[in-house]
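Engineer: Sequence:
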Amino acid sequence: KVSASVVLYFLSASAVPIYNKMVFSGQFGIAKFPYPMATAGLQLGVVALCLALASCAGHVFAAEGRKGESWIFGPGLRYKLRHIAPVGVLFGLKYGVTNWGLQLVPTGTHLLLQSTDLVWTVLFARTLNDEHLGFFDGLAVAASCMGAILVGFNATQTIDSPVFPLFVNLLTPLVLALCITTLRQGTKSLFDPENELGGSVTPTEFTALKLVLSSLVALVLSCSLENGVAIPEKEAWWSAAQDYPPAGWCLMLAGSLFVLIFQVNITLLAGLTSATAVGIVGEAKVVPQWLLNAAFQFNLDLTPLSVLGAAMSLAGSICYAGARSYGLQGGQCLVQVKDDKARPLLDDGGRAEV
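When we follow our numbering, the leftmost residue of the sequence shown carries the number 23, and every step to the right adds one.
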């Protein structure tokens, strides 16, 4: 389960920024839609609607013995929102800032500036989730960070962007780290079989509620900053949307598929592992991101710097996986999923439950 989740994470996390960048730049032959925050809000809203319908369908067609389990409009909504609201708001902020940053700087610069997210994730995981790193975990974190920095630096010929675009892109790893940490907090609480809902909240339901909040936050940001007043040379996004061609809308909303896969998968992965583990996987994603970025630009530059960075990122992931597999560092790990719900397989000492 974890291996499949990691592969899906790599593919979907790599596809989202590159696809959106192509939409923003008009590479599909359609007029540009230079409103990244509105795009984020619309894509997240579409995904939230699809997942909400899936949760409702799961409840309606559930077996008789599962009718009492949690669903999106079922009991305990206030309890669920208490655990989901922080990550929902932060993910909306993250998507808005990320798409904004992608429009302000080249993709390579964006990848380089976000390569510090693992450092922030480890700090927040230690402070908020009380996750401890052992010696091999620390080596994995250091190798992953350095590898991501090398890959990002290779993709960037020079950082000659103005200060403000760089500042916006430097916010991305900070917000992402908070997203991962609060996501782990929420999944750990709501997937727990001993909570008041019996651990019956599924990744689909969790993600639907999360993205309802995320889409609202992204749209509020868009209405505040993409309203034709904050940036006078651009008309308001809702005015531009009325004149945007149907083919452009199809391309823009098609990106929701990648967002859906990424969001459900990262929720599952956070429940299966830990914030630090998700951070390390997220750091290693810079390798497929770089490869896809090079492929779509028809320029696969296998320089020694990029190869070294890719090798270090992958080595860090392998080191962390090996340390966890052999119990070299404790920490509860949820690695078993049954009926779309995570279940703990390792105790706090890293020993397998019988």
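No wet-lab data here; the hints were simulated from the structure. The model shown is predicted, which means the values in this text are computed figures rather than measured ones. Please note that a few of the clues may not be correct.
Label-pair restraints from in silico Cβ distances [claimed, not checked]: (1) Ala269 x Gly344: 41 to 51 Å; (2) Gly98 x Gly51: 44 to 54 Å; (3) Val29 x Cys72: 18 to 28 Å; (4) Ser261 x Glu216: 46 to 56 Å; (5) Glu218 x Cys78: 42 to 52 Å.
Below, simulated BS3-like cross-link-like pairs (lysine-lysine); rule was C-alpha separation at most 25 Å, straight line [said to hold, decoys possible]: (6) Lys210 x Lys54; (7) Lys210 x Lys43; (8) Lys54 x Lys43.
Glycine included, every Cβ here is placed at the ideal spot set by N, Cα and C.
Engineer: Are there hints from earlier that the structure breaks, and if so, what are their numbers?
Structural biologist: 5, 6 and 7
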